[in-house]
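Asker: Given next are the chains, with one letter for each unit.
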Amino acid sequence: MINPFLGDSNEKAAYAPPTCLVIFGATGDLTHRKLIPGLVNLAEDKYLPSEFVVIGAARGEHSDEDFREILWEGVKSHSRRKISKEVWDNFAKNIFYSKLGFDDAGHYQNLKAKLEEVGKARRQNFNYLYYFATAPKFFGTISRNLKAAGLVEDPKTGVRSTAIVVEKPFGHDLESARKLNLELRENFAENQIFRIDHYLGKETVQNILVFRFSNGMFEPLWNHRYIDHIQISVAESVGVESRGGYFDGTGISRDIIQNHVIQVLSLLCIEPPVNLEADSIRDEKVKVLKAIRRYTKEEVCKNTVRAQYTRGILDGKELAGYTEEEGIAPNSQTETFAAMKFAIDNWRWSGVPIYVRAGKRLPKRITEITVYFRKPPEALFKGLGYQQIEQNVLAIQVQPKEGISLKISSKPPGPRMRAHPVVMEFSYGQSFGVPSPEAYERLLLDAMKGDATLFTRDDEIEEAWDILKPIMETWEGGNMPALARYQAGTWGPKEAAELLRRENHRWRRL
Amino acid sequence: MTATSSKFESVELNKLEKMLADIKGRIGESAEAHASFTTQNTVVLGSTSVNGTLENEVVKNLMRLNPARFFLLEIKPDIKDINLSARCELVSEENKICSEVIKLESPEDRMMEVASILRSHLLTGVSTDLFISDISVVSEKVANNIISLCERVIFDGRTCGGLSKAVWLGRFCNTRIDLEWLRLAPWREAVRMVFEIPGIANRLPDIETITIVGGKESTEALGPLYMAGWILGCLKLEVSARGTGFFECRGEAGVGVNLKFVPGDAELSGIAFEFSDEKQPGFRVDMRRKGEILETVSTGKFDVRTSQPYKDLSVIELLQRFFLVGTSVYKYDVALRQAIDIENLKQGYRFS
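Quick mapping for you: the protein sequence lines, in order, are chains L and B.
Counted from 1, the first sequence has number 44 at position 44 by this note's numbering; the numbering is strictly sequential.
Counted from 1, the second sequence has number 163 at position 163 by this note's numbering; the numbering is strictly sequential.
Certain hints may be false.
As the list claims (entries may be wrong) - Think about it this way: if two alpha-carbon atoms lie no more than 20 Å apart in a straight line, the pair counts; the simulated DMTMM-like pairs of lysine to aspartate or glutamate are:
(1) Lys331(B) to Asp303(B)
(2) Lys302(L) to Glu473(L)
(3) Lys46(L) to Asp277(B)
(4) Lys290(L) to Glu317(B)
(5) Lys311(B) to Asp45(L)
Hints were generated in silico from the structure; no laboratory data involved.
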């Protein structure tokens, strides 16, 4: 039954119920860099539940004190703001450690005892949120053991809410994603599974919905009549860093496009949902994903580009080529750059190309969604001897700076009738006094509250893999199109530019 | 090195905007850099004679959180002229955000002139909030001239005359925010949370009695009335009749729930939900405030006991919370309407 008292979404945003967060893989990088710093910042902003406990679960042997000390180092290095020792000590009182081999049933009984002990000591009926900060191969084992230990409640009749948060990669392809979904659903209901895609926690991405549906001036233009094309770019200046082994078996398409880019795309292109409930929004996203055209092999060759970086110079520094990086096979065919042209076969987006690109070792780190509007008829200005009128461009910058800019044409001062592009900008930093939280902060808080809006549902994941399936099969099967090369520190191969040039478009200079 | 704030300086009306621009220039690197990024106007209405420096505290505490052009409007019976002064404060050097504070001291009989000054100097294109820190200065004349300029009026029903004043303010401004309503947020949260437990949520249709404990004289206190109004609104119930010691409430499906008010030792000290005995005898959920703890206990089905801190927030803290988190005006209006219905049934007359 739906809780009738949940109606006031603003007040709901302020609180989460008493929660015990159990992190599996608690000594790993994600816990240190993102989860614990995010939680401390939530505590500092007073968003955490009044009663909140973290239990770290991992294979190693640690006392609570040791574990807290390890986490403190992570907070000092990775928190978005400086956290004083006093604040940390106060927060760290709520952190405990439980040794746990993922496949050791006895350890789950210990965990259960610890959870009950903490609940009793604090006189709380804690909700249990299990965060799987582990490799996906452990998801099934952990969820099975949690269920066997009696740590999973029935979502309809239980005495508390129990849910899991799982990290990407969510599958390697459509089949493995389906298998993983089935494995999780054997032990948890779909509404107890929160699949995290941290891009959805970014303020600018969340703002897409607000921007589209709360501004009367944009939504009427948001269709094939007024939009010429859309670009989504995710550029990274870094190479594979220490993830060489992982990345070489994955590639940029699976690492970035299948999840972050397709999620952003679906949010950008959805029809107005009936309300802001999680499933209403996700239903609409799935409709977009279903409408994205699945390519034949020929279409894959025509509409996609894959490339790998070679030696080059970035910011004055000479950089190694991809196959010279540690952990990369010298004959690797893994793409570090991908560009694709998508088509959405529905009424709204018919004929509007959507170009996406993602790459490593590009000149700068930037993620931007760019909407190019159709030009007005030029008849009025034709023949007056000045440059072409430029398109209106709406750019939504996701990172590093969060904000929106709109390029319009304006007459410069002076006697000549000219049109010159000018930019109207909205920047989060300059318009709101309150700094933006890290994506993980928002997502952790939402998971505690049981709000799944910013998490991906099983069918979204499967549709996203289904879109990529013919592309990956063509790339990996027939070795077509050929793997192009680009120098590190450039904006990708010439083939990527050619992909747009064919239709008189060009990538936005970022 | 530049200063980041200025003291109030008297100014003639026709020089106000220029003076503010000059001050902005003085406290920053250049006047040009301090384009105003404020997103609203905030008018604080009160009198220093009653509230001391509350108005200044409001500005001091809100300007960082909610940069605005602030108008401090003090009604002073002992002066004849309107005194005007202003100051600026750079609330974020990095982002060049500046809050401006314009102080207006005026006798009550010059409200039309004050309103004209506000109309001329309210920032264009952004909304205006009015916070009433002292309701005693808000006469019909003040309300007609000043409140009607604003999109939202914020007041504290606990000290501002209760339900009747809330209704009265609605004559001048459609959107009312009562700090007493905000004070009840932890209670609303406790109710929400207990009905998040799936096994308890399933029993919602079986609620028989809702008891609100608080206020020394039963329904006179605003908190219990708002709380009852909110619960009825969420459950889509309306009070339909008054019985002995209870109100009968009915929903669209004709389901009846009894609402009781029991005097307590605080403004609001407890809420209880009792369920029909057919499925689980003695099943009930109790929420009680015990000092600085709000405790929820369910018995008869699950033995659930949970608690959360409960702190009496100051007016400033409530305002900060409002500007940070907000509240649902729609839900408040529904609760207010329900509260009025309850009071009407009790008193045998109509407020509105």
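Asker: Between Lys290(L) and Glu317(B), does the CA-CA distance stay at or below 20 Å?
Answerer: Given pair Lys290(L), Glu317(B) is violated - Cα atoms ~48 Å apart, limit 20 Å.
Asker: What's the verdict on Lys302(L) and Glu473(L), does the C-alpha distance respect the 20 Å limit or exceed it?
Answerer: holds (15 Å)
Asker: Run the distance test for Lys311(B) versus Asp45(L): straight-line Cα separation, threshold 20 Å.
Answerer: holds (17 Å)
Asker: With the threshold set at 20 Å, check whether the alpha-carbon distance from Lys331(B) to Asp303(B) stays at or below it.
Answerer: violated (31 Å)
Asker: Checking one constraint from the list: CA of Lys46(L) to CA of Asp277(B), max 20 Å. Satisfied?
Answerer: violated (40 Å)
Hints 1, 3 and 4 from the list above are not met by this structure, while the remaining hints are.
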